[in-house]
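A.B. asks: Let chain A serve as the given structure and place chain B on it in line with the hints.
Listed below are the residues making up each chain.
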Amino acid sequence: MTQASGSFSTRIQKSSAGLSLRSETHTVEICGNDMILVVFSLGKGGSQAARARDRKAANQAVCALMSHLQSQPPMFVADAVAGVNTLGVMLRLQDQAQGTFVDFLSAIDYLARQCLGAVSPPGKTVSLHACFDPALATDLEAVAQATGREPRDVVKALLEADLHAEVVGFMPGFAYLGGLPDWLAIPRRPSPRPSVPAGSVAIAGGQAAVYPSATPGGWNLLGQCPDLLFDPQKQPPVLIALGDRVRFEEISRSEFEARWAQRFR
Amino acid sequence: MGPAIQIVRPGLLTSVQDLGRPGHLGMALSRGGAMDTAAARLANRLVGNSDRAALLEITGMGPTITVTNRTGLAWTGADFALEVRSAQGTQQWQASHRPVVVPAGAQLRWTPPSKGFRSWVAFAGGLDLPEVLGSHSGHLAAALGPGRLTGGETLALGALADQQTSRLDAALRRSSAQDDLAESAAKDSGADAVMVPRWHIPMQPFEGNESVEALRLPAFEGRHFQSLTQAQQIRLWQSEYAVSPQSSRQGLRLEGTPINDPAPPGIASEPVRFGTVQLPPEGMPYILLVEHQTTGGYPRVLEVCSTMAATLAQAGPGTRLRFIPTDLASSQQRLREQSLQWDAIAAAIAAKLGL
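Top to bottom, those sequences are chains A and B. Be aware that the first sequence starts at 840, since it is given in our numbering, and climbs by one per residue. Be aware that the second sequence starts at 36, since it is given in our numbering, and climbs by one per residue.
Bound-form chain A, shown alone (with noise of 0.2 Å):
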């Protein structure tokens, strides 16, 4: 955690939504009587590149308030979860019966502000097999098609993109990762797939991800990876942590058929 430089303003405010902190950094509010909801703001925008620029900070700073979080919860922290410039902070039940709300913003906020500016998530690399085969990237053709580029200028962009993991959601084992070019931030299909195939590499948004098993899906499929993004038996039982670095490692299809085999042994 860094230090937060500066004096800020912070404002209390109180409406029928609940209570709410707010400052120009960040804001803590209630949601409903049991969350506490950090969310750091993304700047005024600009130019994309600008942008781009705040949302890293932001994530990174909500990075940094997860890590810390999880080493050493507050007492009142019964769980947390993040999006990429929001946290979610889940009350114990004892301290929503019992608590005074404004004191666990406060305790928040306090920790949300040594945060900012945080510089690189702590995550571990992690590294993952995909194979890019014609029968296993269903959508690869057409992403090349609406780029306007070759479809191995789309593989070759994935493989060398710095990506990290700037949201854990939707599903176990499943991260969003932030780091693609912008030419590749290409919208979801106009309508989600009833049943995406499991290990599917796929693109949306702006955002790559495997999907960790099989699930309606809307995104874009470019190959597929073989390797257990979610496993209950281990620990920790998810590959990808938030803030992790991640990269992606071609492989032929005989080795991807191998690597497939493994996962069922």
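Note that these hints are calculated values from the structure, not bench results.
Not the full set, but computed from the structure, chain B residues with beta-carbon under 8 Å of chain A:
| no. | residue |
| --- | --- |
| 1 | 62 |
| 2 | 255 |
| 3 | 303 |
| 4 | 304 |
| 5 | 308 |
| 6 | 330 |
| 7 | 338 |
| 8 | 366 |
| 9 | 371 |
Chain B is nowhere near these chain A residues, computed Cβ spacing over 10 Å in every case:
| no. | residue |
| --- | --- |
| 10 | 849 |
| 11 | 1032 |
| 12 | 1097 |
Quick reminder that beta carbons are idealized off the backbone N, C-alpha and C, glycines included.
C.D. replies: Just chain B, lined up with the frame of chain A:
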């Protein structure tokens, strides 16, 4: 083989639950577990189990099961009736919220309650299943732990099943001496008897779908409430909704007048909670339940108070409901009342069963 239950027919939706997996939101896993954890704990305590023993969550039309041994059981939540078929014939008992002992080989069937939707059925000794991430529960949305029961399964009971059932038999016979047993059960107190006490341990009643009035859900304004037009805000508070049959343990889908003109704004995905009311583009509110996704990208227009889990658990298809404004002080008052009620329940069980 040790004591076990066998699932003959699964009913509408029967799954294995316990208190779920709190503490795993960071890996995108919501708590799951029993929709109403207080009711599940009560069912377990009534048969002498630990609070976190595995039990069945039954829904709407209950399952049909058989028991291999003389077995103590208890069910809480909605007031399902239990039909017991044994050598003694077929008897029907309106006997939720109390321990019941049935003979070896009995076939049990739970019939739909007049009010409410879900019940938690605990067996003395608990269901003996492997733990996954610290819980026996089936997280159906995340496909973790045992899946929904389909019929044909045999579920072993814990090592102490017979011993705990004997203790329940003994406790119920003691209270029988005080004329506390239902009459038809008291005639015979042997191994073939169905033991059903007259007493029961009531829980604060949830508001069910039989009432003339719609269910009232105390809720807070959500973060994106203010992005609705004033007319939409008023509609949200004043509308009466009906629970859609498309609902699941993940969330309650509602039917009613949509709030989609103008369409709700899109937002970036952010952390959500059990009780968050999302407003997807089609404009029908969606209440997140115990197997919710951990982050959500729809505007959160309301947040149902955490004290309403028991009520939400009983909102079956067609249940009419409306949201009413609440505040933090009232939520704390309700939580304290629930805590006091639980203390009273725990004391009452200990007194009845001589624990």
